[in-house]
Amino acid sequence: MFFCLGILLTQILNPFRIIFYFLNILIVISFVFLIFSNKGIKQNDKLEGFVVKSKVKYEKILQEYSKLKRKIELFKENEYYQIMVIHKEMGYIKENERIYIFEE
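Taking this note's numbering, the leading residue of the sequence shown gets 1140, the next gets one more, and so forth.
Calculated from the structure, these hints are not laboratory results. All values derive from a computational prediction rather than experimental measurement. It cannot be assumed that every hint is accurate.
Said to hold, decoys possible - Below are the DSSO-like pairs computed for lysine-lysine, each with C-alpha atoms no more than 30 Å apart in a straight line: (1) Lys1210 - Lys1192; (2) Lys1206 - Lys1227; (3) Lys1192 - Lys1206; (4) Lys1181 - Lys1192; (5) Lys1208 - Lys1194; (6) Lys1199 - Lys1210; (7) Lys1185 - Lys1208; (8) Lys1206 - Lys1196; (9) Lys1196 - Lys1208; (10) Lys1210 - Lys1196; (11) Lys1194 - Lys1206; (12) Lys1206 - Lys1178; (13) Lys1181 - Lys1208; (14) Lys1199 - Lys1215; (15) Lys1210 - Lys1233; (16) Lys1196 - Lys1185; (17) Lys1215 - Lys1233; (18) Lys1181 - Lys1206; (19) Lys1185 - Lys1199; (20) Lys1178 - Lys1196; (21) Lys1181 - Lys1194; (22) Lys1196 - Lys1181; (23) Lys1215 - Lys1192; (24) Lys1233 - Lys1208; (25) Lys1227 - Lys1199; (26) Lys1210 - Lys1185; (27) Lys1215 - Lys1227; (28) Lys1196 - Lys1215; (29) Lys1208 - Lys1227; (30) Lys1192 - Lys1178.
From just these sequences and the hints, can you work out the full model?
As structure tokens, this is what we get:
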């Protein structure tokens, strides 16, 4: 009698085990998909890194822009700055000037 009851219980519990294993597998697959999918955690980390790098590049570009803007303002406003840029950076000389180049 106990033997029959044991067989009966194992047959009843067996479908619950199958369902339990199936749900466990489904949960594991869901976590793997969540981590490695296109919109998953790994992709989110990559995008956050890209955003940080982009912000750094943006700040550098803004600094360079402000420097260039200041140079343009100086060039428009200051005649001595214009002469300095023309002589030093562009290499032009006046008619009455002489340039001496010494080798080291």
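Each hint tested on the structure:
Between the alpha carbons of Lys1210 and Lys1192 the distance comes to roughly 27 Å, so the proposed pair stays at or under 30 Å and holds. For the hint pairing Lys1206 with Lys1227, the CA-to-CA distance comes to about 18 Å; that is within 30 Å, so the pair holds. Taken as a hint, the Lys1192 and Lys1206 pair is honoured in the structure, with Cα atoms around 22 Å apart against an allowance of 30 Å. Using a Cα cut-off of 30 Å, the hinted pair Lys1181 and Lys1192 holds, with the two alpha carbons roughly 17 Å apart.
Between the alpha carbons of Lys1208 and Lys1194 the distance comes to roughly 21 Å, so the proposed pair stays at or under 30 Å and holds. A distance of roughly 17 Å separates the Cα atoms of Lys1199 and Lys1210; the hinted pair therefore holds under the 30 Å criterion. Simply put, Lys1185 and Lys1208 have alpha-carbon atoms about 34 Å apart, too far for the 30 Å limit, and the pair is violated. Taken as a hint, the Lys1206 and Lys1196 pair is honoured in the structure, with Cα atoms around 15 Å apart against an allowance of 30 Å.
Between the alpha carbons of Lys1196 and Lys1208 the distance comes to roughly 18 Å, so the proposed pair stays at or under 30 Å and holds. For the hint pairing Lys1210 with Lys1196, the CA-to-CA distance comes to about 21 Å; that is within 30 Å, so the pair holds. Note on Lys1194 and Lys1206: the hinted pairing holds, with a Cα-Cα distance of about 19 Å set against a maximum of 30 Å. The straight-line distance between the Cα atoms of Lys1206 and Lys1178 is roughly 40 Å, outside the 30 Å bound, and the hint therefore fails.
As the CA atoms of Lys1181 and Lys1208 are separated by approximately 41 Å, the hinted pair breaks the 30 Å bound. The hinted pair formed by Lys1199 and Lys1215 meets the criterion: a straight-line CA distance of about 24 Å does not exceed 30 Å. Simply put, Lys1210 and Lys1233 have alpha-carbon atoms about 23 Å apart, close enough for the 30 Å limit, and the pair holds. Taking the CA atoms of Lys1196 and Lys1185, the gap is about 17 Å. The hint holds against a cut of 30 Å.
Between the alpha carbons of Lys1215 and Lys1233 the distance comes to roughly 20 Å, so the proposed pair stays at or under 30 Å and holds. About 38 Å separates the Cα atoms of Lys1181 and Lys1206, which puts this hinted pair outside 30 Å; it is violated. For the hint pairing Lys1185 with Lys1199, the CA-to-CA distance comes to about 21 Å; that is within 30 Å, so the pair holds. Proposed proximity of Lys1178 and Lys1196 is supported: the alpha carbons are some 25 Å apart, at most 30 Å.
The suggested pairing of Lys1181 with Lys1194 holds, with an alpha-carbon distance near 20 Å, which does not exceed 30 Å. Pair hint Lys1196 plus Lys1181 holds up; C-alpha atoms about 23 Å apart against a cutoff of 30 Å. Taking the CA atoms of Lys1215 and Lys1192, the gap is near 35 Å; set against the 30 Å cutoff, the hint is violated. For the given pair, Lys1233 sits about 27 Å from Lys1208 by alpha-carbon distance, which is consistent with the 30 Å threshold.
For the hint pairing Lys1227 with Lys1199, the CA-to-CA distance comes to about 26 Å; that is within 30 Å, so the pair holds. At most 30 Å may separate the alpha-carbon atoms for a hinted pair to count; Lys1210 and Lys1185 exceed this at roughly 38 Å. Distance hint between Lys1215 and Lys1227 is fulfilled; the C-alpha atoms sit about 17 Å from each other, no more than 30 Å. The hinted pair formed by Lys1196 and Lys1215 meets the criterion: a straight-line CA distance of about 29 Å does not exceed 30 Å.
Of the pairs offered as hints, the one joining Lys1208 and Lys1227 holds, with about 20 Å between alpha carbons and a cut-off of 30 Å not exceeded. Between Lys1192 and Lys1178 the alpha-carbon distance is near 20 Å, which keeps this suggested pair within the 30 Å criterion.
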